[in-house]
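Asker: The task is to assemble the complex, starting from two chains supplied on their own in separate frames and drawing on the hints.
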Amino acid sequence: MIVERPADLRRKKILAHGFMIIFLILILFPFLSVISISFRLGNFATGDLIPRNPTLEHWVLAFGFDYTRPDGTVVEPPYPVLLWMWNSIKIGVIAGLGVLAIATISAYAFSRIRIRGKGTLLDGLFLIQMFPTTLALVAIYAIFDAMGEISPLLGLDSHVALILIYMAGVTLHIWTIKGYFDGIDTALDKAAAIDGATPWQTFRFIFLPLAVPMMAVVFVLAFIGFINDYPIASVLIRSEDKMTLAVGSRLYLNEFRYLWGDFAAAAILSGLPITVVFLIAQRYLVRGLSDGAVKG
Amino acid sequence: MSSSVTTATGASSLPRLAFVGLTTLVLLYAAFYLYAQSQPLFGAVLLALACGFAVIYGANRFYGARFIFPGIAAVLTFIALPIGYTIYLGFTNYSSFNLLSFDRATEVLLSRGGADPSTEQPFAVAAEGDQFRIWLPDSGLLSDPVTLTGKALAPVTAALAPADAPATLLETRDAIRLREGLGLLTLTTPDGMQIVNSGLRTFASVTPEYAQQPDGTLIRASDETVLTPDHSTGFYVAPDGTQVPPGWRVGIGFGNFEKVFTSEGIRQPLFSIFIWTVVFAAASVGLTFALGLTLAVILQWEHLRFKTLYRILLILPYAVPAFISILVFRGLFNQNFGEINMILEGIFGIRPNWFTDGNLARIMILIVNTWLGYPYMMLLAMGFLQGVPEDHKKAAALEGASSARVFFTITLPQIMPPFLPLLIASFAFNFNNLVLILLLTTGGPDIPGTIIPAGRTDILASFTYRMAFDDSGTQFGLAGAITLMIFIVVAAMSYLNLVQMRRAATRHAGK
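Protein chains in written order, with the working numbering: chain A, 1 to 296; chain B, 1001 to 1511.
Isolated chain B (complex conformation) (with noise of 0.2 Å):
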């Protein structure tokens, strides 16, 4: 094989060559960019990305790698690096309070002003075709003209300049229907005040709520009080301990973690919480693997006629997208005009409170989640069925053993171990089963007494979830105090998933 690597690479090397080259160049002035766009840390992926490609498929001895290099360039940037950005915000305050960067907070609060009511003008309107020019009596300048009418207004500037009166104005009344337009107007004068609408006949100049002063504080303008930014909490602080909102991204250290361990209004929930979701998991994967292995038995049963019509109507609900059946259930299982309380009322006449009861909301989701996933274990128990020989079998049956005898001595030790990674891949994937919680209840009803929104039939997931995407509060920091816990127990499921698989590389090595 290594021979043919350097006869195949002599010929077409320059071409190839020039076009790891030119690539390169590309994503060095893009990772230069993203630098110089204050994006320093998709700067260095990129730059990470560009040298990689170079060295791999530049030089000849990397062959091998140039074939799994876009594989792990995706798994790296889109998986790991996430992963661990995750875990970074863990330790930060990042949350809709704390959102943007210090220099967009200073930003946003040195841009805040109000109009000064001392420097009142009049004003008029001129119209011009569609746009309207702005006329300042006063101070004789007129703008350039703007649009004020249309549906989709957005704020404007104009730059006003001096010039005589226009030769016909717009009636007040004309003027005031304007007012929507007119408050999105800034104007400039020429010596660079800004001017803006500031009551039905008047324009007024801007003064800006805060300035910077040279020693990085603010000072408001208005009562003259001292902000100074505080890098531990991300907010600027006046002398009276007041945070001035927006505040700015900045790590905390484990203060995430601690909030985590010591409010009672998160442990209490998280502890719950963290009890369902292993219960959860676990009961999905035993109700679905007795339920599949069951029928898978029933569908091998040599005497059983239609086998191929019960096993497509039993796969059924494998082949409908998830999602789809998750909010079918949803719809069926309402309290109020569903078509399940209608039937159990009809014949028990009883109306079981599915989404607003506790244990019957997980009664239901692990019912529907049986129902979603009995198929996919019915399919791998007829695979690894077939694979146990059938003469173990009828010399069992010779003995005198009972058949429930022959499947739990002889079948089921058979297919145990080939089940059993996947069953672990089952658990996991259950554990982080977002789809189902989320479609189904939205992780309600809700736990009483919480700080953040909990609900009882929340798996670990949906918690952080909700913490992070829900209208209540977006809290990126604490769910991502929360992932890392859940990434824990995750690398100990997968690794303990490697060993089992490895355990199953070995015998089929062996065989």
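Chain A on its own, in the form it takes in the complex (with noise of 0.2 Å):
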């Protein structure tokens, strides 16, 4: 480790970058065929990696304008991807905006503020966070299948409804965020208190600020969560209109339908600004997802 003769070192460089590139050959194939595949003629895997008649088809369809072939048929686009994204992104934001409200707010009292009964209440959400709302689907489906027949606002194939239910998994973020609040030297709040804030003012002018890069982590955790669900979205939205992207995006390879080459444009249409968001904050989210998890 310390006196390494340079034989044995360039060897064992070879052998690390050698393992590196063949590894990630292996790990961004997915990648590289997906994108040969949405510029591909057609809807079947038959072809080169790299296309040898390119077309747009794919992905003037994905944008959702109709697309006419050079023999002058034209083509529909197949679902309404960018509305799917918009539904996706709308229920994601307004459900992480809340998610983050509540959990900030309540870390910070879970952190600072002397609640009686404040640690079985702690235990209790650290439980109850491993239960994950998936498993009451049925119970879920049951009450909002109820619910929609006083108000339709509240029912199945409702948007609220779905915030509504994203929103209630808060359990996690509200532990991330009291590890961070955890962290921060108690003399700051002291000091506001011998100044004479009340606590909610002490929050809103001196946790509220630090917290900020803690929460874009949180939101951006809790955004990428709620757009990745896809069995609750499943069981509450039935109508094509009113669907997530990744209640959708599963239609296309349906058996008898199976629109592989206008999946692929759908995908990295929908997939790219994600990944670029969540690629700009992983360095922070690292932190972040460590943070939270160890101090208790």
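Please note: incorrect hints may appear among the correct ones.
Facing chain A, from chain B, some residues (calculated, C-beta under 7 Å) [what the hints assert, rightly or not]: (1) Gln1037; (2) Ile1068; (3) Ala1074; (4) Val1075; (5) Tyr1085; (6) Ile1298; (7) Leu1313; (8) Pro1321; (9) Arg1330; (10) Glu1339; (11) Val1435; (12) Phe1469; (13) Ala1479; (14) Thr1483.
Stretches of chain A that chain B covers, calculated by requiring three or more beta carbons in the stretch to come under 8 Å of a beta carbon on chain B [claimed, not checked]: (15) 28 to 39; (16) 131 to 137; (17) 245 to 257.
These are computed hints drawn from the structure, not numbers from a lab.
Where a beta carbon is used, it is the ideal one built from N, C-alpha and C, also for glycine.
Answerer: Here it is as structure tokens:
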């Protein structure tokens, strides 16, 4: 490790890079093939990695426009991808902001305010957090089915219902932000209390500004989680124009109507923005992931 | 802190109390409304919310609780309540056969009826703008104008009133063209009789199929059969024992659990699915952890160049939304026209049946899940590896330990304790990894000879999901019963994790 012969070192370096490159080729294969498929003629995977007769048909359809083939036939977009994307983003942002508000305020209280039974509450939250909402799908379906008879706004096929369910997934985020608040010096809030600040004012003017980077992390994590949800959305949402991306995308690879090429273009179009956001945020995300998890 | 509370509440308490009072009133009204709409459970939930809200935001002594009330309320309403409700449903026969409430089921049966042929009378149609009136010459009645054409036809009711015959009537063949709209029409005579279209040229009055008797039984008009409501099975039963659908939802005690444990067609697949769920979750954690840790160790090597580039490329699978990657793999693994089989055939001359062979399907699932999950482990491992003091490793190396030995005796023991809770959480996550299974294989290939749809790659969660929401049948009650069993496993895991986390916390505090 400290004293190493140059020949040994070179051999090791070649080995390491070789391993990395072979591994990366395997790992990145799906991405490369999807890009290739999205430009390939037709909806079946017959062709080379670099398409011989590249076509923009799948991309034009993914953007929601009709495509006129060279022989004059007009192809209509099979599904409203952009609408699904908009639904996903709308639901993700609203639920994400809701989660952020609830989680930040709760985390502050759990970290700083003396509340009777706080330890028990925290343990309870930690236990409940392990129960994924997807396990209670039967009940959620039954509840919103019944609520729909009173008001369609709260029933099945409603985005409000979906947002409400998503917002309940705050427990994990409370823990993450609480871990961050616990690391802030208590001298700060003592100083604020001496100056006559109420706990609310301490939160609003001291802790909230400090927590902005952490809140960004939690928002991105929550948002990505909501975008990725399939089970809840697939149970609650039925009509095609209300679907989120995750539910809608599945329609492409139906056994009876297999739209591989159209799917590839739609997948890149919808996946790219989220991927870019994630890559920009990843440094902070990692810190958030391990911080929240370890600090008790 | 407590002194500042009192100063702040004095000045601003009146508007706040007014606001709290108003909100509470709105919530209470909503609770009452729900109760009146025969939704007592939701009414009770809102009532509890209203009380909690009033007490916590109204009284000053619960100042601290105000901060956590929204979060706790959301968790209780949308996680704890559904969990409890699922368990309750596990003790009922809620399914596509027993979907309604008792009142609704009775209503449905009573509203069934057929046209009585003895009351048939001819009709004619008179056009009036876009709408039409129905003329019944025998009884001298004319209906209100109704819409009989258009795209979205819906059942319509219209009243009849005595009138003179309209001046112009449609030809019979024009009237026949309106039969789709006529079929959805119900006319009400001045004395309350209901009349429907019973043939191309006739209308007839409706006689209900069932009539309710004072003791709660129903009597069938056609053959005078008496149907008795059976509240233990949730069906109206004829004397010969036949059940008349629709049924209603009733509690059946441990019936679902008995079914699970005694019916061979459920117990066998359930057992194999349980084993596979555990194997799948454990293997996923093991594979992603091993791969992620290996990559992290290589990336930490001081002599390696292009680290940032490698890292960015390596976490790409984590950055792409999982549902997209899973669907991409579904296409790539496709047996007939997937890229993977094309390449395998080109190089090795084989075309594995990824979706129809149970073992291959399981291997495919593990490959995809490892691909999806290793970057997370790699990122975590990189963070923890940085925390291992460099001089410990140097000292060991100076003593002549090989790098493998240094890794297993110095590095690994130091990163394991903080890693453990995350590994347990990862196990729990994969134990219920519905998205992967539903989007990749939907549980298939199916296990032959089962009563309910069960597949080789089904995990417990996807098994219950399909039981409840598959097209072949919606057995909510049975799904609830199996979910309760999953709850027990999850509860054990989450308790284990709590203990682990406490240990990590004490160690952290001790440092």
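Asker: Would the stated hint for B:Val1435 survive a check requiring a Cβ distance to chain A of less than 7 Å?
Answerer: holds, 5 Å
Asker: Count the residues of the segment 28 to 39 of chain A whose Cβ falls closer than 8 Å to any Cβ of chain B, and tell me whether that reaches three.
Answerer: Held - the segment 28 to 39 of chain A has 6 residues with a Cβ nearer than 8 Å to chain B, which meets the minimum of three.
Asker: Does the interface hint hold: is B:Pro1321 within less than 7 Å of chain A, judged Cβ to Cβ?
Answerer: holds, 5 Å
Asker: Is the hint on B:Tyr1085 kept, meaning its closest Cβ partner in chain A is under 7 Å away?
Answerer: Given a least distance of 4 Å, the restraint on B:Tyr1085 holds.
Asker: Close enough to count: is the Cβ of B:Ile1298 nearer than 7 Å to one in chain A?
Answerer: Status holds, d = 6 Å.
Asker: Does B:Gln1037 pass the interface check with chain A, least Cβ-Cβ distance below 7 Å?
Answerer: holds, 5 Å
Asker: Should the hint that B:Ala1479 touches chain A count as held when the rule is a Cβ pair under 7 Å?
Answerer: For B:Ala1479, the interface hint holds, since the closest Cβ of chain A sits about 5 Å away, which is under 7 Å.
Asker: Counting residues of the segment 245 to 257 of chain A whose CB is closer than 8 Å to a CB in chain B, do you get three or more?
Answerer: holds (count 6)
Asker: Per the CB criterion, is B:Val1075 less than 7 Å away from chain A?
Answerer: B:Val1075 check passes; min Cβ-Cβ to chain A is 6 Å, inside 7 Å.
Asker: Any CB of chain A closer than 7 Å to the CB of B:Glu1339?
Answerer: holds, 5 Å
Asker: Hint check: is the beta carbon of B:Ala1074 less than 7 Å from a beta carbon of chain A?
Answerer: holds, 5 Å
Asker: With 7 Å as the cut and Cβ atoms as the points, is B:Ile1068 at the interface with chain A?
Answerer: Check passed: Cβ of B:Ile1068 comes within 5 Å of chain A, closer than 7 Å.
Comparing the model with each earlier hint shows no violations; every hint is respected.
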